[in-house]
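> If you read the protein sequences in the order shown, they are chains A and B. The first sequence begins at 3 in the working numbering and counts up one residue at a time. The second sequence begins at 106 in the working numbering and counts up one residue at a time.
Just to be clear, a hint being listed does not mean it is correct.
What the hints assert, rightly or not - Below, computed lysine-lysine pairings styled on BS3-like, alpha-carbon distance capped at 27 Å:
#: 1; chain 1: A; residue 1: Lys223; chain 2: A; residue 2: Lys246
#: 2; chain 1: A; residue 1: Lys154; chain 2: B; residue 2: Lys218
#: 3; chain 1: B; residue 1: Lys218; chain 2: A; residue 2: Lys246
These are computed hints drawn from the structure, not numbers from a lab.
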Amino acid sequence: MGDGHDKGDGPDSGYGGDGGDGDYAVRAEGLDKRYGEKRALDGFDLAVRTGTVHGLLGPNGAGKTTAVRILSTLVRLDGGRATVAGLDVGRQAREVRARIGLTGQYAAVDEVLTGRQNLEMFGRLFHLGGKRARSRATELLERFDLSDAADKGVGDYSGGMRRRLDLAASMILAPAVLFLDEPTTGLDPRSRNEVWDSVRALVADGTTVLLTTQYLEEADKLASRITVIDQGRAIADDTPDGLKNLVGGDRIEVVVAERADVPRVVKVVARVTDGEPESDESELRVHAPVTDRVAALTEVARTLQDEGVRVEDIGLRRPSLDDVFLRLTGHRTTSADEAADAVSDKRTSGKRASDKKEAAV
Amino acid sequence: MSAVDLADEPGAGPPAGPGTEPAVHSRAYWALADCWNIVRRGLTHYRRQPVNIAWQLGFPILSVLLYGYVFGSAMTVPGGGDYKDFLMPGMFVMTMAFGFINTATIVVYDATKGVIDRFRSMPMAPSAVVAGRGVTDLVVACAELGILVLTALAMGWRPDGGWNFLAAFGLLLWLRFALIWLGVWLGLLVPNPEAAGGLFAVAFPLTMISSIFVAPQLMPDWLGWIAAWNPISSTAAATRELFGTPVGGGDSWVEQHALLMAGVWPLVLTAVFLPLAVRRFQRLSR
């Protein structure tokens, strides 16, 4: 490991080797990671501004988890270089560990211990000392709204409570950088909102967050900038709005019963869109980008009713990760290519699969 | 009360902030403190789930009762002697031997649930994760031995070796120590906790083909030879000797040198499995 540090370090690479600059809490430059023949990361670049939430968006197997595992010092890189809080993840791993928190699918809390016992244990392992570990645990339990469940075994916690405890455990030292690896995978919408609220509160305190997710919506809600990763490479790096503009933002979609109506619908939709309506005659479908979503929907629905057009379906569609991918790569997010991440951690892939199942329910 | 409490700094309040690990203590101090915290965690598990200890002890105690009372009358010890004197040390050895399954089960659970990864992402001594496991298992082994000895005494077992029984317990823990590394290695090797459950199916016959329940002379020649060379047979024979009840010993070289071999075998096991376990642990960062 460690070789290839000089690769791509040119003056215009944008990722200088100065390490200690305060603008970027996380920098990765040309990261390579191979598992046998598979390239989990293939020249991956990333720059996360200090004090922001940065989304790392990609389908399963794109390399998100491998990237987080490298940046959090769990896995050694094969090539490239990465700094976290200005420290080299390879050579200064121990110093990096004192400045990061890791939460998500992989870094877990102890399910046998109570919430309080967990936080006290982690506090002592962060070398706070017994007394301060205890007081810090109480503080964090309060802050993450877990005081009532503090002395219950974590095995009895709900999914949302467990993720919040997980977050609390990552916050014991108020880390400079927090890695959130798919923090809401497998959670119901309410728990998801709870976790999102906690993350927003952390950022308000100045923590930099790198968030991996499969959901464009999640990245959109939390992140000020998003890197899209595919097959181990960063294929886009933009603001959420920028990405959405790329795929055209929200769209109104009308499906009619008869082919003859399609031109009429196109005309109606054209009145509310700021772009060009597209129609698909074989699917009897007309769709167009809209900004004023509700007004557009109401207007189109009313007009079509007045004109007596038989509408099978009408609605608003938000751009999905799939749309982003289709636009950026020309291919959809195939789960057939589970390759990299699956190889990177065989032992947990079973757990991930079950998480996904939960999420689908 | 604990070593780490010495590290207390006055005043609670907001987090120490990154990188405030007190520099007053050496790395070795923190390695020990971290190890002790992992041990505390392991022992708290047993305190919160006492039923786990009950399960771990259930099998040996049930075996003591079954073999002692049900089969006991039909069991003979070659060369004469009380079967209880033969059986009880064997039971102690079996409990130590099966211990590696507990080690492996806990390690595989921690590895698949992400607990080990959490530890590895923290600024603690990485060695503490494995060392803490080992110390916890030895403490638990002491408790198990204590309960088994009380059971044996209640059933009328009377050791007759004076203070040598301390040496006997030393050899038993020495065997358990060696098998910790086998357990850690297997725990990091098997893919999930369910697979760890299958270890018992392998361990059970391996434990039976030994001098734990039956003297090797009573087995077919080839099987008796294997049983006599089984590492746990040496510990069983050596502890019988140290308890002052050297019944059922054989004539082969390995049985004649049980005390020596009870020291050598665990050393060999440690020499093989400690490096394997450490390498496997380091491979987690591949």
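> Hint by hint, say whether it matches the structure.
To see whether the hints hold, each was checked on the structure:
1. Lys223(A) - Lys246(A): OK: Lys223(A) and Lys246(A) at ~13 Å, within 27 Å.
2. Lys154(A) - Lys218(B): holds, 19 Å
3. Lys218(B) - Lys246(A): Violated. Lys218(B) to Lys246(A) sits at ~36 Å, over the 27 Å cutoff.
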